[in-house]
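2 protein chains.
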Amino acid sequence: MREIKVAAAQLGPIQKAESREEVVSRMLALMEEAKTAGCNLIVYPELALTTFFPRWYHENRAEADEWFEAEMPNAATQPLFDKAKEYGMGLSFGYAELTEDGHHFNTSILVDPQGKIVGKYRKIHLPGHVEYEPERTHQHLEKRYFEPGDLGFPVWRTMGGIFGMAICNDRRWPETYREMGLQGVEMIVLGFNTPSVNNLRGAEALNQRLFHHKLSVQAGAYQNSTWVIAVAKAGSEDGNHLMAGTVIVNPDGEIVAETKTEGDEIIVHACDLDDTVFGKETVFDFKRHRRIEHYGRITAQTGVILPPED
Amino acid sequence: MREIKVAAAQLGPIQKAESREEVVSRMLALMEEAKTAGCNLIVYPELALTTFFPRWYHENRAEADEWFEAEMPNAATQPLFDKAKEYGMGLSFGYAELTEDGHHFNTSILVDPQGKIVGKYRKIHLPGHVEYEPERTHQHLEKRYFEPGDLGFPVWRTMGGIFGMAICNDRRWPETYREMGLQGVEMIVLGFNTPSVNNLRGAEALNQRLFHHKLSVQAGAYQNSTWVIAVAKAGSEDGNHLMAGTVIVNPDGEIVAETKTEGDEIIVHACDLDDTVFGKETVFDFKRHRRIEHYGRITAQTGVILPPED
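If you're matching them up, the sequences are chains A and B in order. Residue 72 in full-length UniProt numbering is what sits at position 72 of the first sequence, and the numbering runs on without skipping anything. Residue 49 in full-length UniProt numbering is what sits at position 49 of the second sequence, and the numbering runs on without skipping anything.
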């Protein structure tokens with residue numbers, strides 16, 4: 001038994017006008033709840049410190065830099081690191097990262113119970129678009145404000161297990177989980193900000209969006225025999241609604257905990273990392289069953305290559 | 001609109017003593033039902049002509065050759081081809097294939113409405129084991145009796161669309177769907193024979209097995225925006241129970257039809273191949289969103305390579 005008690009810390013909406021300090025105080029309140037519940041790890045969503053700013057179009061991209069963090073930790077977030085260390089609790093959250101040399105990433109970090117950043121991940125599967133698209137009900141400009149992550153899908157040995165990270169749209173791509181599964185990942189933590197309506201197909205509303213989210217996360221967990229902690233920022237940000245659906249998924253792909261609200265809310269589950277062993281040694285024993293000689297297209301081509309016409 | 005009306009033709013159990021001719025007459029009865037329902041395509045399960053023989057151990061492997069077909073069509077199966085052609089109906093079913101040069105495969109074929117075999121697929125992800133394993137509640141000797149498929153995951157243009165095939169355990173592997181998705185597949189037909197109890201973990205019983213099956217199929221459909229027709233052989237074969245769970249899944253990953261019994265039963269759905277377009281052009285537009293530079297492990301390594309110990 002290698003039990004780790006996890007708090008999936010969903011955040012309610014963050015309005016444009018809300019400061020980092022206000023958000024961090026909400027995060028600290030959830031951390032205190034997690035402490036009371038005896039948790040060893042708390043996981044916050046993608047872009048946890050600000051509103052989901054890629055919905056706002058700036059002709060001049062540099063204007064969006066106000067949403068980015070040039071250092072981590074910084075003055076606003078230091079209290080999260082201090083309190084987690086005091087509580088002996090690991091920590092993960094997402095933020096917009098501006099590097100010293102001027103690159104922009106959608107990033108998340110993993111902090112160990114000693115307050116040390118042990119892992120950094122930069123979102124690889126950026127959804128959305130680069131330019132303003134008037135036919136959309138709302139903009140989703142991640143491809144404008146971020147570059148695709150340049151760190152691959154690493155995993156880290158910490159807290160007695162093997163951990164990986166992903167961010168939002170990454171969770172819809174089986175390659176995300178498989179890259180980490182091939183490194184023996186036992187727990188993937190991921191945050192998301194997902195509009196509750198498809199901005200190109202209004203008929204695809206909340207229930208179907210939640211279904212697609214859960215389907216992807218549950219399949220990724222099952223097919224790699226890993227825990228997945230998927231954490232939402234939810235609710236209405238300046239009139240733009242994000243879905244909830246924060247879930248803890250076990251290595252059988254089953255949801256073992258789920259939030260009930262669209263606000264700040266933790267859900268807690270004692271996750272035994274040894275529960276990953278059975279799947280990894282049987283149906284998903286990759287060494288015995290995978291046939292990489294037939295997977296060539298997955299890495300040889302990015303897009304579809306149709307079969308020849310008759 | 002490119003509508004194709006599909007019959008997923010579940011077969012009930014086939015006992016060891018049952019002849020090919022008896023099974024084919026059951027298959028013809030289902031085909032007649034499909035004709036009455038106006039179907040253009042009928043899909044039968046894996047190893048549709050015989051019992052699921054890999055549960056039976058033969059020390060001398062050649063004794064298992066009685067379950068294999070050396071030609072296709074042959075005398076026993078010719079009526080399927082004739083009737084499908086008469087009805088103008090496409091056809092797919094699985095069988096154990098013995099090649100002229102003595103190779104053994106778990107195979108399925110796709111037959112067009114003119115009765116011509118247009119596609120052949122040989123199962124790549126063979127589950128189970130090679131030798132008799134007394135600790136199992138039942139044997140699953142696919143790795144003993146079959147070689148892994150050597151044809152990759154091709155797709156075929158036929159019946160106005162792009163079709164692919166997979167067999168049973170292939171459906172648990174996201175690589176299966178992705179290989180075909182990267183060729184623009186619009187409908188995947190697959191059959192399965194799945195014991196309703198995990199032979200290494202009795203607590204994993206019918207409900208959980210059905211869940212894993214559906215989860216994998218639905219995720220594969222959604223993440224590649226393709227129809228999937230997944231067809232069971234079900235019920236108790238000489239005391240060994242196979243689960244049902246025959247489903248038709250749309251390109252949103254939703255189950256649109258499902259069998260209610262564990263016997264011979266067709267379910268019918270009019271599948272519009274154009275329903276695959278939206279997903280392929282938006283969230284799963286591979287060309288815009290996939291990042292193959294970060295997928296290297298998927299084809300470079302078969303098994304897990306753990307991160308270094310600290």
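A hint or two may mislead.
What the hints assert, rightly or not - With a Cα cut of at most 25 angstroms, we get these calculated DMTMM-like pairs of lysine to aspartate or glutamate:
no., chain 1, residue 1, chain 2, residue 2
1, A, Lys287, B, Glu309
2, A, Lys280, B, Asp310
3, B, Lys5, A, Asp310
4, B, Lys85, A, Asp310
5, B, Lys287, A, Glu309
6, B, Lys280, B, Glu265
7, A, Lys287, B, Glu133
8, B, Lys16, B, Glu135
9, B, Lys214, A, Glu258
10, A, Lys214, B, Glu254
11, B, Lys35, B, Glu21
12, B, Lys143, B, Glu133
13, B, Lys280, A, Glu258
14, A, Lys85, B, Asp274
15, B, Lys214, B, Glu309
16, A, Lys287, B, Glu265
17, B, Lys5, B, Asp112
What the hints assert, rightly or not - Incomplete in silico selection of chain B near chain A, CB under 8 angstroms:
no., residue
18, Tyr57
19, Asn60
20, Pro127
21, Pro148
22, Gly160
23, Ile162
24, Leu210
25, Thr282
26, His289
27, Gly296
28, Gly303
29, Val304
30, Leu306
31, Pro307
Please keep in mind that the hints were generated in silico from the structure rather than gathered at the bench. Glycine included, each C-beta is placed from N, C-alpha and C at the ideal position.
Now for the hints, and whether the structure bears them out:
Taking the CA atoms of Lys287 (chain A) and Glu309 (chain B), the gap is near 20 angstroms; set against the 25 angstroms cutoff, the hint holds. In summary, the hint linking Lys280 (chain A) to Asp310 (chain B) is supported, as the alpha carbons are separated by about 22 angstroms, within the 25 angstroms threshold. For the hint pairing Lys5 (chain B) with Asp310 (chain A), the CA-to-CA distance comes to about 23 angstroms; that is within 25 angstroms, so the pair holds. This hinted pair checks out: Lys85 (chain B) and Asp310 (chain A) have alpha carbons roughly 21 angstroms apart, not beyond 25 angstroms.
Pair hint Lys287 (chain B) plus Glu309 (chain A) holds up; C-alpha atoms about 20 angstroms apart against a cutoff of 25 angstroms. With a C-alpha separation of about 32 angstroms, the suggested pairing of Lys280 (chain B) with Glu265 (chain B) is violated against the 25 angstroms cut-off. Between Lys287 (chain A) and Glu133 (chain B) the CA atoms are separated by roughly 19 angstroms; this keeps the pair inside 25 angstroms, and the hint holds. For the hint linking Lys16 (chain B) to Glu135 (chain B), the alpha-carbon distance of about 23 angstroms falls within 25 angstroms, and the restraint holds.
A C-alpha spacing of about 21 angstroms is found between Lys214 (chain B) and Glu258 (chain A), which places the hinted pair at or below 25 angstroms, so the restraint holds. Using a Cα cut-off of 25 angstroms, the hinted pair Lys214 (chain A) and Glu254 (chain B) holds, with the two alpha carbons roughly 12 angstroms apart. Taken as a hint, the Lys35 (chain B) and Glu21 (chain B) pair is honoured in the structure, with Cα atoms around 21 angstroms apart against an allowance of 25 angstroms. Under the criterion of a C-alpha separation no larger than 25 angstroms, the hint pairing Lys143 (chain B) with Glu133 (chain B) is consistent with the structure, at around 13 angstroms.
Using a Cα cut-off of 25 angstroms, the hinted pair Lys280 (chain B) and Glu258 (chain A) is violated, with the two alpha carbons roughly 30 angstroms apart. At most 25 angstroms may separate the alpha-carbon atoms for a hinted pair to count; Lys85 (chain A) and Asp274 (chain B) exceed this at roughly 54 angstroms. For the suggested pair Lys214 (chain B) and Glu309 (chain B), the alpha carbons sit about 37 angstroms apart, so the restraint of at most 25 angstroms is broken. Annotation: proposed proximity of Lys287 (chain A) to Glu265 (chain B) is violated, straight-line Cα distance about 37 angstroms (limit 25 angstroms).
With a CA separation close to 14 angstroms, the supplied pair Lys5 (chain B) and Asp112 (chain B) stays within the 25 angstroms bound. Violation of the interface hint for Tyr57 (chain B) is found here, the shortest Cβ-Cβ separation to chain A being roughly 19 angstroms, above the 8 angstroms cut-off. Checking Asn60 (chain B) against chain A by beta carbon gives a least distance of about 24 angstroms; that is not within 8 angstroms, so the hint is violated. For Pro127 (chain B), the interface hint holds, since its Cβ comes within 8 angstroms of a Cβ in chain A; the closest pair sits about 7 angstroms apart.
Evaluation of the Pro148 (chain B) hint against chain A yields a held restraint, the C-beta minimum of about 6 angstroms falling below 8 angstroms. With a cut of 8 angstroms, the hint placing Gly160 (chain B) at the interface with chain A is violated, because the nearest CB-to-CB distance is about 11 angstroms. The interface hint given for Ile162 (chain B) holds, since its Cβ lies 7 angstroms from the closest Cβ of chain A, which is under the 8 angstroms cut-off. With 8 angstroms as the threshold, the beta carbon of Leu210 (chain B) stays out of range of chain A, its nearest partner Cβ sitting at about 12 angstroms, so the hint is violated.
Because the beta carbon of Thr282 (chain B) sits about 6 angstroms from the nearest beta carbon in chain A, less than 8 angstroms, this interface hint is met. Look at His289 (chain B): its Cβ gets to within about 6 angstroms of chain A, closer than 8 angstroms, so that hint holds up. Given hint, Gly296 (chain B) at the interface with chain A, holds; its Cβ is 6 angstroms from that chain's nearest Cβ, closer than 8 angstroms. With a cut of 8 angstroms, the hint placing Gly303 (chain B) at the interface with chain A holds, because the nearest CB-to-CB distance is about 3 angstroms.
Restraint check, Val304 (chain B) versus chain A: the minimum CB separation of about 5 angstroms is within 8 angstroms; hint holds. Here the hint on Leu306 (chain B) is kept, as its CB sits about 5 angstroms from the closest CB of chain A, short of 8 angstroms. The restraint placing Pro307 (chain B) at the interface with chain A holds, with a minimum CB-CB distance near 6 angstroms, inside the 8 angstroms limit.
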